[in-house]
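Quick mapping for you: the protein sequence lines, in order, are chains A and B. Taken in order, the first sequence gives residues -16 to 812; the numbers are from this note's numbering. Taken in order, the second sequence gives residues 141 to 363; the numbers are from this note's numbering.
No lab work stands behind these hints: they were computed from the structure. Even for Gly, the Cβ is constructed at its ideal location relative to N, Cα and C. It cannot be assumed that every hint is accurate.
Here are a few chain A residues that face chain B, going by a calculated C-beta distance under 10 Å [unchecked claim]:
1. -8
2. 205
3. 271
4. 272
5. 276
6. 279
7. 280
8. 281
9. 362
10. 365
11. 404
12. 408
13. 412
The chain contents come next:
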Amino acid sequence: MNALALALRTLLREWKSGELGVLVLAITVAVAALTGVGFLVNRIGIAVDNQAGEVLAADLRLESGQVMDDKAIVEARRRGLEVARVTGLFSVVFNGDINQLTSLRAVSDQYPLRGRVMLSDQPFGAPQAAEGNPRPGEVWPDSRLAAALGASVGTELSIGARTFRVARILITRPDQGATFLELAPSLIMNEVDLESTQLIQPGSRMRLAQLFAGPRNEIAMFKEWLEANKTPQEEIEDVADSAPQIKSAIDRSARFLSIASLVAVLLCAIAVAMAARRYVHRHLDSVALLKTLGATRAFTLTVSLVQLTIVGLLAAVLGSILGFGAQAWLVKALSGLLRGDLPAPGLAPLGIGFLTAVAVLGGFALPPLLQLSRTPALRVLRRDIGPPQPLVVLAFGPAVIAIAFLIYWVLRDQRTFLVFVIGLSAFVAAVAGAGWLLVKLTTRFRGGVGVSWRYGIANLGRRRTESVVQLTAFALGIMMLLLLAVVRNDLLNDWRRSLPADTPNFFFINIPPDQHQEFTAFLEARGALHARARPMVRARMTHINGKAVDDIKFTTRRGREFANRDQNITWSDVLGSDNVITAGHWFTPEEFGKPLVSVSTEYMEEMNLKLGDSLQFDIAGETRTAAISSVRDVKWDSFQPNFFLMFAPGLLEGSQGTWMTAVHLQTSNPKTIADLVRRFPSVSVFNVDDLLRQVRSVIDKAVAAVQSVFLFTLMAGLVVLVAAVQASREERRYESAMLRTLGANRATVLKGLLSEFAALGVLSGTLAAGGASIAGVYIARRVLQIPYTADPWVWFYGLVGGGLLVCLAGWLATRSVVNQPPLLTLRSG
Amino acid sequence: MNLMSVLKAESLTKKVTSPEGMLTIVDDVSLDIAAGESVAIVGASGAGKSTLLALLAGLDTPTSGRVTLAGSDLTALDEDGRARLRAERVGFVFQSFHLLPSLTAVENVMLPLELAGRRDARAAAAETLGRVGLAQRTGHYPRQLSGGEQQRVAIARAFVTRPAVLFADEPTGNLDTHTGERIVSLLFELNAEVNTTLVLVTHDRTVATRCGRVLQMDSGLLK
């Protein structure tokens, strides 16, 4: 008979008799966890991307300062993407004699592709979502422009050669941005009117943007096409460029979710390893018999390979379906928490879950199977003989390679990967070592306890290898879950802290120094919660270490921008809590008045600067040179005024500058801002409520993602633990039958089993808590870049939770053992 | 070498290491068994009977010495080579039956035929099962059969390939006296029919006396 036929025949029979149940369960759950997490990450990822896209009013923008052809638009339409156009230019807008320099935005019909334009009937009024865009002949000036021009709905405004009627007041548009490059107020008009204004002349300065939106992978592919086909003047902009706050939230949640995926992968590996052990254990006799009857080693290996492959594939398919169902249910259950609907998931997680299952199966199940095929035929006569001990490299090599490959695949970062692999190896080694020691110690103390405990603990000592293997599996599983819990808490706390209710929602710049006090008093009288105020001077960098900036070639776009535009600089003697010095030191009182500057990390990197470099600036016609005395890591998502360049105090005070400040204002009263604009006409007002809302919404989704993925992984972990306990069920069944035959009642046997599991659970839980605390510090600080808070509860959860969890898993797995009549067990051998 | 010899052991020794030091389980055993002969190996528990059987059948390798089975030097073959030889020339009956629980009676009997590449496996297996009185139970799984019936299936499996040598290790050890007697009778009947060489390990003197020759083992030595 060929091996395939025998494999199929026995497989069918073993399936019918429930033999393969545990193996199928373990792999199914593992794949379900993996694909479930994958689907969830995928769906929430798409939602977060869409949300983030609002900042651009699109998923992708192509911008240029010169006339753009329609090549990209034609290509995008061919690919089925949505397309819109925005032309931005500066012009003076008149209401009778009053005029104001304005940023005009002529938009096409489909604008915006992401997010909404919010309008009102009066400046700073209650916003309502716009339907469509301004009709030809109509414009939407923003609140600042309307207030500055004294315009209201119905007013006729002159722009270039045309006059337009104010149809509504613009409150916010999605792409108004988080940076303050555009100081002028803005106005939206229909692009068909642009030509008739006669503002577009040869040489006129304008900024054209083509906007694209569509499914994530389509956009990614289109971005590649754009990069290959765009002109040098055209620049691609995505969310990362325009909204650092959102980028940071997305990055952290993505990292957390990838760690969660890793946990799922490791749980999968534990399940497969334990299931494969059980499979091997159950098949030692039949392999020995087949060999006695004349089967070669290759034959027996083929039989088990075919069986395991079929089981693996079946379980992978089942798991993928289950994973899909579970995440769909979870999303439904969490629907209250998520603002807006989640988009349908892509199919990628299905393939990833499946591939991972195959990789894990190959790495963790192949070595035991090779080992199984080495079972000597002699076992038919002597049941105590098993296969020879394998070489450590052969036994663990493939597993280590598979896991390392998967970890790298998920993390895609060399450093983190190395730390993770080394950390994990150290943990497994420590747990196995501690396991040996603890099993030995508990065995020694068993004399002082009752019969149930003695029986249970004696089991631990007698099945020493098995106990250490189980202990390692439990400890690894519990550690990963605890780690996820620790990191999740830190992440959520950090997010909660990062945007408290009184986060500044209004920025004011261009406050004249002589009106600074009065301005602050005005705001405070209207209930504003005052935040940081900083002096601000415009400066342009001219030389780095004596070399003219114009002669230096910067490799990045941001680098070129930094070099070519005026910078807002400030000075201060206090370092904000959202700034961390990473190199050098903050100004000491002795250094006040000295030519020193503190530079942000981004600026250092984009401009290729190092500590001690000498920078020369043109500040209002005056030349100033300063040395870099410190580097600051700035948390740009704090919504506080922050600067790339901060000078030592006592140096620039005489320069012609203004002040900027950020405050939290209840926006229910539009009159406050309207009054303020009239009272301090030179002050520019920026309402970042909308951006705050966007960031909060992204964080909400990220929180929901983190919570639900955590919940899902936790459930998967529990089932994997149950599957791990199943591995030793047969042996326990026989022992319990023996004990009951000798007169032990069910309660004694059950107590014995539970005491064994409790001991295993407490031991592994304690080790896991230690591992999770250490790993938590690294992941929080290095991977997620958030502060780590030591949580003593981890030890409680590890110790008590671990004990209870493993007891519960043990009880679920072995209760039938105790309930079965002893005769039945003993007769079936 | 005697032309009629089918199984020959020369200075066969098996030593194992144990916590107490080196143990000699089979000590310089030489024997020669002719084709068609029936030989019983008897001795107390721990005398080395089963180890000798394992060495003779090529299930285990000796520390020193040589075994020639059906003209092949077992000690010169690797594990797969010995397996192939067993598939072609050897049958086994064990104390604990050793049937594959996932296969039916007829499938268990078919197994050695199929491993040897025979195409008429099912018909031959069904016929042999009929010979041992289980014609009505071919489709039953081992767990649906009594101990005696399971041992009959094992005997059918052992004889179905018409092996040159049949090794039986305590074939009645797990059965009651009455069933044991019937199984032994069946074993000898089939042995006569097929003209197989029978090597039987037992501690049951009555079973042993039915064999043509009785070899006594004591502390690894053949007497």
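To see whether the hints hold, each was checked on the structure:
{"no.": "1", "hint": "-8", "verdict": "holds, 7 Å"}
{"no.": "2", "hint": "205", "verdict": "violated, 55 Å"}
{"no.": "3", "hint": "271", "verdict": "holds, 8 Å"}
{"no.": "4", "hint": "272", "verdict": "holds, 5 Å"}
{"no.": "5", "hint": "276", "verdict": "holds, 5 Å"}
{"no.": "6", "hint": "279", "verdict": "holds, 4 Å"}
{"no.": "7", "hint": "280", "verdict": "holds, 6 Å"}
{"no.": "8", "hint": "281", "verdict": "holds, 8 Å"}
{"no.": "9", "hint": "362", "verdict": "holds, 9 Å"}
{"no.": "10", "hint": "365", "verdict": "holds, 7 Å"}
{"no.": "11", "hint": "404", "verdict": "violated, 37 Å"}
{"no.": "12", "hint": "408", "verdict": "violated, 33 Å"}
{"no.": "13", "hint": "412", "verdict": "violated, 28 Å"}
Violated hints for the displayed structure, listed by number in ascending order: 2, 11, 12 and 13.
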